[in-house]
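A.B. asks: Protein sequence lines correspond, in order, to chains A and B.
Heads up: the first sequence at position 36 corresponds to 36 in the working numbering, and the numbers run straight through without jumps.
Heads up: the second sequence at position 141 corresponds to 344 in the working numbering, and the numbers run straight through without jumps.
Honestly, the hints are just simulated from the structure, not real lab data.
Misleading hints may appear alongside valid ones.
Partial pick of chain A residues on the chain B-facing surface, computed with a CB cut under 7 Å [what the hints assert, rightly or not]:
(1) 8
(2) 55
(3) 56
(4) 106
(5) 118
(6) 129
(7) 130
(8) 199
(9) 201
Simulated restraints, written as ranges between beta carbons of each label pair [as the list claims (entries may be wrong)]:
(10) B/205 / A/9: 22 to 30 Å
(11) B/230 / A/53: 47 to 55 Å
(12) A/136 / B/257: 31 to 39 Å
(13) B/345 / A/166: 44 to 52 Å
(14) A/25 / B/279: 38 to 46 Å
(15) A/51 / B/345: 21 to 29 Å
(16) A/133 / B/300: 23 to 31 Å
(17) A/179 / B/405: 18 to 26 Å
(18) A/30 / B/268: 50 to 58 Å
Simulated crosslink set (SDA-like; lysine to any residue; CA at most 20 Å straight-line) [what the hints assert, rightly or not]:
(19) A/32 / B/379
(20) B/250 / B/207
(21) B/347 / B/364
(22) B/227 / A/157
(23) B/260 / B/272
(24) B/406 / A/74
(25) A/76 / B/227
(26) A/203 / B/212
By construction, the Cβ of each residue, glycine as well, lies at the ideal position given by its N, Cα and C atoms.
Protein chains: 2
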Amino acid sequence: MQIPDIVVGRLPHYLRALQQMSQKGQVVTSSKELGERLGISAAQIRKDLSQFGEFGKQGTGYQIEFLIKQLRAILKVDRVWDVAVVGAGDVGHALARYQGFANRGFRVAMVFDSDLQKIGQPIGEFVVQDIANLNAMIQEANIKIAMLAVPGTVAQQVTDELVKAGVQSILNYAPVNIIVPPSVHVQHIDPSIHLQRMAYYLK
Amino acid sequence: MQIPDIVVGRLPHYLRALQQMSQKGQVVTSSKELGERLGISAAQIRKDLSQFGEFGKQGTGYQIEFLIKQLRAILKVDRVWDVAVVGAGDVGHALARYQGFANRGFRVAMVFDSDLQKIGQPIGEFVVQDIANLNAMIQEANIKIAMLAVPGTVAQQVTDELVKAGVQSILNYAPVNIIVPPSVHVQHIDPSIHLQRMAYYLK
Numbered sequence: 001m002q003i004p005d006i007v008v009g010r011l012p013h014y015l016r017a018l019q020q021m022s023q024k025g026q027v028v029t030s031s032k033e034l035g036e037r038l039g040i041s042a043a044q045i046r047k048d049l050s051q052f053g054e055f056g057k058q059g060t061g062y063q064i065e066f067l068i069k070q071l072r073a074i075l076k077v078d079r080v081w082d083v084a085v086v087g088a089g090d091v092g093h094a095l096a097r098y099q100g101f102a103n104r105g106f107r108v109a110m111v112f113d114s115d116l117q118k119i120g121q122p123i124g125e126f127v128v129q130d131i132a133n134l135n136a137m138i139q140e141a142n143i144k145i146a147m148l149a150v151p152g153t154v155a156q157q158v159t160d161e162l163v164k165a166g167v168q169s170i171l172n173y174a175p176v177n178i179i180v181p182p183s184v185h186v187q188h189i190d191p192s193i194h195l196q197r198m199a200y201y202l203k
Numbered sequence: 204m205q206i207p208d209i210v211v212g213r214l215p216h217y218l219r220a221l222q223q224m225s226q227k228g229q230v231v232t233s234s235k236e237l238g239e240r241l242g243i244s245a246a247q248i249r250k251d252l253s254q255f256g257e258f259g260k261q262g263t264g265y266q267i268e269f270l271i272k273q274l275r276a277i278l279k280v281d282r283v284w285d286v287a288v289v290g291a292g293d294v295g296h297a298l299a300r301y302q303g304f305a306n307r308g309f310r311v312a313m314v315f316d317s318d319l320q321k322i323g324q325p326i327g328e329f330v331v332q333d334i335a336n337l338n339a340m341i342q343e344a345n346i347k348i349a350m351l352a353v354p355g356t357v358a359q360q361v362t363d364e365l366v367k368a369g370v371q372s373i374l375n376y377a378p379v380n381i382i383v384p385p386s387v388h389v390q391h392i393d394p395s396i397h398l399q400r401m402a403y404y405l406k
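Generate coordinates for the entire structure from the input sequences, incorporating the hints supplied.
C.D. replies: So this is what it looks like as structure tokens:
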């Protein structure tokens with residue numbers, strides 16, 4: 001059974017909320033509580049989760065630790081994926097030092113740039129690698145995920161390199177659309193896009 | 204007529220693609236070309252745009268400059284909105300220096316932090332302001348938009364302050380959900396959420 005991508009897209013939000021409840025020592029939750037926290041209806045949450053199995057009992061709610069374990073397995077983040085950061089500007093810098101990947105299933109493993117001033121310099125615990133070695137290093141380390149933080153002008157060219165190296169997921173911070181084969185997934189982070197969507201509602 | 208938020212959410216993507224076409228000197232486009240570029244069906248694009256007016260002619264496509272002008276007006280980004288950045292860590296730093304807001308309708312106007320080591324220090328063209336002055340400075344400058352780049356532990360508290368100061372749109376980089384009144388819009392940027400959504404598809 002193929003799960004709609006929009007459902008897949010909500011699971012990380014459920015997981016994040018559950019992990020936060022768990023960190024506060026909470027043991028059980030309900031679709032109602034989760035829904036209020038996330039601004040999603042309780043019925044939607046029950047329906048989404050029921051696509052993957054029977055995770056709660058009518059009237060007793062969800063065991064948080066159990067549901068976390070299930071969701072991590074479904075999302076394949078019950079392991080740690082190495083991630084390559086491409087581009088060592090401000091955004092790449094922030095990503096390489098970001099503490100928010102721990103316990104979410106990801107670890108930055110290497111950082112690349114093409115700028116001779118940056119190659120060989122430290123960023124957090126990394127040394128910036130020459131983008132000329134991107135293909136070899138990514139294949140060698142069997143990396144499947146990249147975060148793209150290069151200027152828009154070279155984003156497509158670097159994307160093509162990443163795809164050639166076997167990358168299957170790209171989180172694109174460059175403010176341009178990138179074209180990939182159907183087997184590769186792309187998500188975009190462009191703060192202007194989010195701000196514009198909200199500006200529509202400004203009074 | 205109320206436009207569904209999911210339609211509003213696609214308009215910034217149309218606008219970004221059109222602006223990129225325009226920058227390359229292109230004058231006319233079609234829903235087919237836009238669709239191929241964005242991975243959205245041509246029919247969907249025509250339907251979305253038709254909710255706001257008659258922007259193209261059957262068979263002759265869309266005049267890019269005209270459609271850009273219309274979309275900027277619809278999204279209320281035919282002006283420049285001042286934005287407050289709260290939190291001067293790596294992410295706040297990257298946002299304060301980000302060049303991607305120019306020509307998209309936004310301008311960072313001030314940066315706040317609570318850390319005495321950071322207050323008074325320069326970030327790009329800004330001096331970090333004391334978060335104790337957040338309410339007064341945001342009201343004084345009539346700022347309606349904030350980007351929240353503080354630790355998760357204080358995100359809700361800072362959000363409450365922003366709402367009290369009159370902020371209507373919050374772009375939340377803190378890795379927690381924040382609760383706001385119905386009149387306030389929130390969008391979240393959490394790279395782990397995006398990476399997890401794509402991890403589901405990894406082979």
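A.B. asks: Would you pick out the hints that fail for this structure and give their numbers low to high?
C.D. replies: When the structure is compared with the hints, numbers 2, 3, 5, 6, 7, 12, 15, 25 turn out to be violated.
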